[in-house]
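Residue numbers (the working numbering): 473 to 743.
No lab work stands behind these hints: they were computed from the structure.
Each residue gets a CB set at the ideal place from its N, CA and C atoms; glycine is no exception.
A couple of the hints might just be wrong.
Derived lysine-lysine pairs resembling DSS-like cross-links, with alpha carbons at most 25 Å apart [what the hints assert, rightly or not]: (1) 542 / 553; (2) 537 / 693; (3) 694 / 607; (4) 620 / 481; (5) 694 / 620; (6) 585 / 554; (7) 607 / 693; (8) 481 / 510; (9) 734 / 694; (10) 724 / 620; (11) 579 / 739; (12) 510 / 585; (13) 542 / 734; (14) 486 / 553; (15) 511 / 486.
DEER-style ranges, computed between Cβ atoms [as the list claims (entries may be wrong)]: (16) 582 / 486: 19 to 25 Å; (17) 701 / 733: 41 to 47 Å; (18) 701 / 636: 24 to 30 Å; (19) 652 / 694: 32 to 38 Å; (20) 558 / 740: 26 to 32 Å; (21) 505 / 682: 14 to 20 Å; (22) 659 / 723: 33 to 39 Å; (23) 636 / 524: 42 to 48 Å; (24) 547 / 657: 44 to 50 Å.
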Amino acid sequence: NNFYINTSKLINCKPSEISFIQNATYGWNFFVDSIEIKKSNNVIIFDNEYGSNHIKILKKRFNTKVINLKNGDFAIEELKKKIDENTKLVSICHISSQCGDVMNVEKLGSFLKNKNIFFLVDACQSIGQVEINVKNIFCDALVCSGRKYLRGPRGTGFIYIRSEIQNKLNLSILDMKKCKVEQNKLKIFEEKNIFEVFEYSPALKIGFSNSISEINKIGIKKIEKKIIKFSRYFRSKLENFPEVIFYENKNKLSGLNTFNIKGLKPKNISK
Numbered sequence: 473n474n475f476y477i478n479t480s481k482l483i484n485c486k487p488s489e490i491s492f493i494q495n496a497t498y499g500w501n502f503f504v505d506s507i508e509i510k511k512s513n514n515v516i517i518f519d520n521e522y523g524s525n526h527i528k529i530l531k532k533r534f535n536t537k538v539i540n541l542k543n544g545d546f547a548i549e550e551l552k553k554k555i556d557e558n559t560k561l562v563s564i565c566h567i568s569s570q571c572g573d574v575m576n577v578e579k580l581g582s583f584l585k586n587k588n589i590f591f592l593v594d595a596c597q598s599i600g601q602v603e604i605n606v607k608n609i610f611c612d613a614l615v616c617s618g619r620k621y622l623r624g625p626r627g628t629g630f631i632y633i634r635s636e637i638q639n640k641l642n643l644s645i646l647d648m649k650k651c652k653v654e655q656n657k658l659k660i661f662e663e664k665n666i667f668e669v670f671e672y673s674p675a676l677k678i679g680f681s682n683s684i685s686e687i688n689k690i691g692i693k694k695i696e697k698k699i700i701k702f703s704r705y706f707r708s709k710l711e712n713f714p715e716v717i718f719y720e721n722k723n724k725l726s727g728l729n730t731f732n733i734k735g736l737k738p739k740n741i742s743k
C-alpha cells in the first residue's frame with residue numbers, strides 16, 4: 473500500500489484520491505461512464521485525442537465538439553466559442569502518442585476551474601517524463617499507464633479523482649470492496665480509492681509502486697531535463713536534412729519526436 477503514498481507524492485494529491493487500475497483505457501472509460509451525460513449535453517475534445525478514447529465517445533454517441541491544435545497549442549478563444557451551458561466534459565491528452573507536443577493543461581485547467589464542467593486529463597504519455605501537479609492543473613480526473621515513462625509492469629495504471637467531485641459520480645462498477653447491501657439497497661462504506669475492486673494483482677501493484685518510488689528518488693524535474701536534452705540532440709542530428717520533417721513545436725518538446733521523410737514510406741524505413 474506504499475503505492476498510494478508514492479503516487480500521491482508524484483502528482484501532489486491525497487493517497488485516497490488514487491485508484492490502482494489495470495490500464496488507462498479502463499480508467500478513462502470508468503470515469504466517463506460515471507458521469508451522467510444527457511442528449512442535451514456536449515463533450516469537448518482536442519484533435520490529438522487518443523484513438524481508444526475517441527472510440528468510447530463515438531460508441532456513447534456524445535454530442536462532440538473538437539478544438540483544433542495549431543503549432544502544438546490550442547486557442548482559448550476557440551474554446552470560449554465552443555463551450556456553453558450544456559458542456560459536461562472537457563477531455564485532453566497531455567501528450568499524444570502521435571505527436572510529442574506538451575499541451576498547456578495548466579492554462580486549460582485555470583480556464584475551467586470555476587465552471588461546472590468535468591475536466592479529464594489523459595497523462596499516459598506524459599507522466600514519468602514531465603512534472604505533473606494536479607493542484608496546478610485543476611483537473612477533476614487524470615489517468616495514466618504504468619508501462620510507459622513510469623517504467624512499471626504492463627497491466628498497471630492509476631486514476632486520480634479529485635476528492636471534491638467524488639460524490640458527484642455514479643460509479644459504473646461496484647463490488648463488495650466498496651459497498652454492501654442493506655434492506656435491498658446499496659450502501660457505499662468506503663469512499664477512498666473509489667475506482668478499485670476487490671480482485672487485483674498484488675505483485676503488479678508492488679512492482680508499479682517500486683518504479684514510482686525510484687522516479688521520486690531521482691526527481692521528476694531531473695528526468696524531464698535529461699529527456700528534453702536527448703530530444704534536442706536527436707533532432708539536431710536530423711534537422712539538417714531537408715527530407716526530414718518534424719511535427720512538434722520546438723518550444724513544447726517531450727521525449728516523443730515524430731517526423732516524416734519525403735519520398736519514403738514508413739514500412740521501407742523500418743526495413
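Against the structure, the hints come out as follows:
no.	hint	verdict
1	542 / 553	holds, 16 Å
2	537 / 693	violated, 34 Å
3	694 / 607	holds, 20 Å
4	620 / 481	holds, 19 Å
5	694 / 620	holds, 17 Å
6	585 / 554	holds, 17 Å
7	607 / 693	holds, 17 Å
8	481 / 510	violated, 36 Å
9	734 / 694	violated, 35 Å
10	724 / 620	holds, 19 Å
11	579 / 739	violated, 38 Å
12	510 / 585	holds, 22 Å
13	542 / 734	holds, 22 Å
14	486 / 553	violated, 35 Å
15	511 / 486	violated, 34 Å
16	582 / 486: 19 to 25 Å	holds, 21 Å
17	701 / 733: 41 to 47 Å	violated, 24 Å
18	701 / 636: 24 to 30 Å	violated, 38 Å
19	652 / 694: 32 to 38 Å	violated, 46 Å
20	558 / 740: 26 to 32 Å	violated, 48 Å
21	505 / 682: 14 to 20 Å	violated, 31 Å
22	659 / 723: 33 to 39 Å	violated, 52 Å
23	636 / 524: 42 to 48 Å	violated, 28 Å
24	547 / 657: 44 to 50 Å	holds, 48 Å
Going through the hint list in order, the structure does not satisfy hints 2, 8, 9, 11, 14, 15, 17, 18, 19, 20, 21, 22 and 23.
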